[in-house]
Amino acid sequence: MKIKAIALNTFKEAIRDRILYLLFFFAAVSVIFSRLLAVLTVGDRVKIVKDVGLTAISLFGVLMAVLIGTGLVYKEIDKKTIFTLISKPIHRWQFLLGKFFGLVLTLFVMTALMSLIFLLTVFFHTFKIEAGLLLAILFIFIELILITAVAILFSCFSTPILSSLFSLSFFLIGHFSWGFETLIQRTKSAPLKLFVQGLYILLPDLENFNFKTEVVYGLTVLPKYYLFSALYGLAYTAFILTLAILIFKRRDFV
Amino acid sequence: MAAVLKVENLRKSFKLGFVPKKREILKGISFSVEAGEIFGYLGPNGAGKTTTLKCALGLIFPDQGQIEIFGHPHLSLQAKERLGYLPENPYFYEYLTGAEFLDFYARLFLLEKKEKEERIAGLLRLVGLEREAHLPLRKFSRGMLQRIGLAQALINDPELVFLDEPLGGLDPLGRKELRDVIVRLKEEGKTVFLCSHILQDIEMICDRVAILVGGRVISQGALQDLVSEKILYTEVTLSGLSASDLEGLGEPVSSHGDRVMLKVFQEDNIERLVALVHDKKARIHSLVPRTETLEDIFVKMVRQG
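Chains as they are written, first to last, in our numbering: chain P, 1 to 254; chain F, 1 to 305.
You may find that some hints are simply not true.
No farther apart than 25 Å at their CA atoms in a straight line, the calculated lysine-lysine pairs in the DSS-like style are these [stated by the list, open to error]:
id: 1; chain 1: P; residue 1: Lys75; chain 2: F; residue 2: Lys139
id: 2; chain 1: F; residue 1: Lys176; chain 2: P; residue 2: Lys2
id: 3; chain 1: F; residue 1: Lys113; chain 2: P; residue 2: Lys2
id: 4; chain 1: P; residue 1: Lys212; chain 2: P; residue 2: Lys224
id: 5; chain 1: F; residue 1: Lys113; chain 2: P; residue 2: Lys80
id: 6; chain 1: F; residue 1: Lys15; chain 2: P; residue 2: Lys12
For the record, the hints were derived by calculation from the structure and aren't laboratory data.
Isolated chain P, as found in the complex:
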């Protein structure tokens, strides 16, 4: 109940943030723009609409998670609103989880709205709703949950600008970490190989949540891959949140 109260307050705070609407506007424009892009491109127009639309949802969702998430905890400390909150009978982890779920709720609403525009755009082309698209959006949302946790982690000890940089770096590294596999194969020195392997395990592999190509081209994906990706996302989010709670637990609010 206490987490719910903080989450709802965070949701109220986030939906009153102008930056959210600015990003939503650009996301909507991008999805609609995909229709124009499809006309100008040689090839399957529907595939272009789907590809650009899903990418826009993912990209603008990440920007929302990072730009709002990194300020959430920092603002509470900077504006000293946390003083009255922490003096109430709540644990610090409840505060942090409240903030996390509040932003997840905001992202859920925004992703749902962006998806609605996207699905309508696709519907005008195909006159059908494809379940695969919903599945791809679901995994984009799982990725957003993880990015939210990362943004909140950095927000616990850093300024919004630095936290945004760290979180966006996490997102970029996460999408290119598959490159480590090639690096491991080509590395000859055993200690270096071990180090790169360690890094590969530690760094996120956000490509696990990317089912855009499979959905757009209608490729078959075995259910066990979906299950693995979902569990991977939840486990990594739990790991990042635990780290955030451990840092936040011993912090002085001066």
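Position chain F against the provided structure of chain P, taking the given hints into account.
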């Protein structure tokens, strides 16, 4: 009487600067606050008043020492259930309205819907913000923010209320209203821990005080024990006498036209002054004996400290 707040040998230091240098803010503070009293925690700026409060409320962690609230460790939820806190210069969620703001804090105490609504309405009435209940906090003046802040501190009907500089930034009327609310809290049996450097207010409403200087409690006790009733001097305002008439009778403080204000230190000088006024057909406008004030004691202690 039972101690509701017990602080023992509290120490806290911070590392400050680009090359971190340890600075000790609290240097072994001990005091206790008893049930049902208004306890004044005084000290000049930077003495460590707010740091002590933050330690007690779990906002910062002490390096050493113990804090108990109602016999529980200060970080326990049982202790926090029974206290309220109004921070200095309160900043609140400006996107919420007054009623939404109180509703949010009420939810943290898991109050039932009916009780919550009654409590919110009662508190808005108490702090005189009934009409502003649906106005966003960003439109509140400083005094209104202070009052809604007090309302949130009382949302759980606490037994112990921490107020950090609650009277700062308020106009004279606002200060009087807030003083009245604090006295009413005491009458309801609540304990008030009041951090302030506005000594006149402390003197008016506090039962006991602790004076903090440079991170140490240098004096604590009942206000009447600290402030003596001995008359220090008498302040006399008179007119119709020349400067030569007043020579040797007292120390002139100010003069405005014919009117002079004197500090008279000896009682027989007052009798001589009254006789002189009578003889010369002059006039006494006021005659005020001045006892030692908390401010006198505070200034003396801070200088010694």
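Cross-check of the supplied hints:
1. A distance of roughly 19 Å separates the Cα atoms of P:Lys75 and F:Lys139; the hinted pair therefore holds under the 25 Å criterion.
2. Distance restraint check for F:Lys176 and P:Lys2: the Cα-Cα separation of roughly 36 Å exceeds the 25 Å cut-off, and the hinted pair is therefore not satisfied.
3. Restraint check for F:Lys113 and P:Lys2: satisfied, since their Cα atoms lie roughly 15 Å apart, inside the 25 Å limit.
4. With a C-alpha separation of about 17 Å, the suggested pairing of P:Lys212 with P:Lys224 holds against the 25 Å cut-off.
5. Proximity of F:Lys113 to P:Lys80 is assessed by CA-CA distance (about 28 Å); at most 25 Å being required, the pair is judged violated.
6. Only pairs whose Cα atoms come within 25 Å are accepted, and F:Lys15 paired with P:Lys12 is rejected, the gap being roughly 36 Å.
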